[in-house]
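K.L.:
Go by the hints and put chain H onto chain R.
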Amino acid sequence: MTATTASRRSAEPAKPGRSAKTVKPSKARAGGHSGIRESAVSRTIAMAVMVVATLYFLTPIWWLFVASSKTRADFTTTAPLWFADFALFENIAALFDYRNAVFLRWLANSALYAGIGALIATIIAAMAGYAIAKYTFRGRETLFNVILGGVLVPATALALPLFLLFSQVGATNTIWAVFLPSLVSPFGVYLSRIYAAASVPDEIIEAARIDGAGEVRTFFTVATRLMAPALVTIFLFQFVAIWNNFFLPLIMLRDESLFPVTLGLYVWNTQVSQIPDIRALVIVGSLLSIIPLILTFLGLQRFWQSGLANGGLK
Amino acid sequence: MTDIAVRKSRGIRHRGALAVFLVPFGALFALFYVIPIGYAVYQSLLVVERDGTFGPAVQVFGGLTQYIAVFENEAFWSSIGRVLLFGVVQVPIMLGVALILALLLDSPLVRGSKFFRLAFFAPYAVPSVIAAIMWGFLYSPNLSPFTGVTQNVDFLSAESVLWSIANVVTWVYVGYNMLIIYSALLAIPSEIYEAARLDGASQFRIAWSIKIPLVVPALVLTGIFSIIGTLQLLAEPQVFQSFSSAVTSTFTPNLTIYSTASIPNISLAAAMSVVLALATFVLSFTVLKLTQRRTAA
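So the protein sequences, as listed, match chains R and H.
Going letter by letter, the first sequence gives residues 1 to 314 in our numbering.
Going letter by letter, the second sequence gives residues 1 to 297 in our numbering.
It is possible that some hints are incorrect.
Not close to chain H: a few residues of chain R, all C-beta gaps over 12 Å, as computed [what the hints assert, rightly or not]:
#1 Thr71
#2 Phe86
#3 Ile92
#4 Ala94
#5 Pro181
#6 Glu215
#7 Ala228
#8 Asp277
Only some residues are given here: those of chain R computed to face chain H with a beta carbon under 8 Å [as the list claims (entries may be wrong)]:
#9 Ala46
#10 Met50
#11 Ile61
#12 Phe65
#13 Ser68
#14 Val282
#15 Ser289
#16 Phe297
Source of the hints: derived by calculation from the structure; they are not laboratory data.
Glycine included, C-beta positions come from ideal geometry on N, C-alpha and C.
Here chain R stands alone, though its shape is the one from the complex (with noise of 0.2 Å):
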């Protein structure tokens, strides 16, 4: 995970004003002189390569969704590639039912930590890069730094000093021992700052001084709308950080009703040795706990696409 969190980002600043539209000149470029002289070999050779990929990438999510319907004897009896009895929604209230719905439970725990906790780490880390990027102060070069250090400080690598922290405080098993962490997000700042430079302009928020808008008014009606598509990719993006962590609820809570779903999951798995019937519930659960991310990614590919070519990597 933590692989991730830190290649968003590129040694300097990538070249500011090339912005959502960078995807789409590839569509013009690879029509233009598509077709006539590549030969057949090359294209039968390319697209080979391509479905092999995807078999690769797409069969276990498959097979995720196809063993998620099936009833437990069909589990083991039938082909594993393809559908029986179709019983997922049997399944699904199954995993609803088990222990008071402790699933539900878990599902909206991820939720709230990683839902709640994107929005606020985007609207904190758009205001600092904002401010980086649009006035000028003492030490702005040195904080910009020292956030960027921060950058490369992988998450977990901080889970066992922020247990440590919050023991000291004896805020450990509690929400905000993995909700308050996941708020500070340095990449978000970095991505802002760039994106703010290059999006939006000194004449707007001039104009909007001389209108008599106070400063922070003018970041949240004028320059949040100019920098949306930074601002998405970073939530998403934070939004996955939080909801793949898995070091840090690990680390901190012991109450299972704290549980985001990946630990709940984790915790059920290590159990099917001894409780054989579980295997199902995790198979289902890990399907549901997918779900929502995929659809998020699909719905939004238009924002985050543009916002990683521009804020990511020239």
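P.N.:
Just chain H now, kept in the frame of chain R:
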């Protein structure tokens, strides 16, 4: 003239607004990044002392005692060796595949590139824990859809489990890295290879001589951050403990830290955390600087 005056006074004029913008992030960053790191360093300098065998345990300042213990801790160093070996093999394979897929998506040879892009990226939406659970089933000798393979090859044995985990990590992150390289490819103005096209250069030739050199910075950076991720490996091996007894409690550095902290030997675990964080930081910072110089040249 006036412009300069406005700029100069900005910091003072908008002090209130600046505070509103910067204080929330600054405070949280200090609380949950800077202070924990400081506290871990402090904790790593303590040792536990007892009065006799059964006396109450007291934490006292022990200087670098814990660091000496870290350097003498064989399990810790062999876990570092293991993830470095993992990284040396897995990172080039992952980035190589990501590069090939990105180049193919960017070439006119492939139809339906939008579909393929999303299909390859989909695993990134699967949390590491879930991906590990899923592949655990796929590797299983009895439950796998590919029992023909898994009954003959033991993916969970002591020799192969590291590489089975490498496959899980590769599966999750290839699409993500591919997308970053692909973004870099899109940023290349197409006029650059217009001339090569007119001279009749093949797609392979254009990819090799023009595109790859231009995305080297993207490759090096995804490489650095993949190495960082490798050093921090935790969720996948932790899950694989349920599938394979070969994954010990000191399989990776973070697992070693976790099991040391749950003994509980907090000070030793804190010292290990500091050593691992420093190693990670120095490694990434060094390569980052090297890249910057190379990009500038």
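K.L.:
Next step is simple, just say for each hint if it's right about the structure.
P.N.:
Hints and how they fare:
no., hint, verdict
1, Thr71, "holds, 15 Å"
2, Phe86, "holds, 18 Å"
3, Ile92, "holds, 16 Å"
4, Ala94, "holds, 18 Å"
5, Pro181, "violated, 4 Å"
6, Glu215, "violated, 3 Å"
7, Ala228, "holds, 18 Å"
8, Asp277, "holds, 14 Å"
9, Ala46, "holds, 4 Å"
10, Met50, "holds, 5 Å"
11, Ile61, "holds, 7 Å"
12, Phe65, "violated, 11 Å"
13, Ser68, "violated, 11 Å"
14, Val282, "holds, 6 Å"
15, Ser289, "holds, 6 Å"
16, Phe297, "holds, 5 Å"
Comparing the model with each numbered hint stated earlier shows that hints 5, 6, 12, 13 do not hold.
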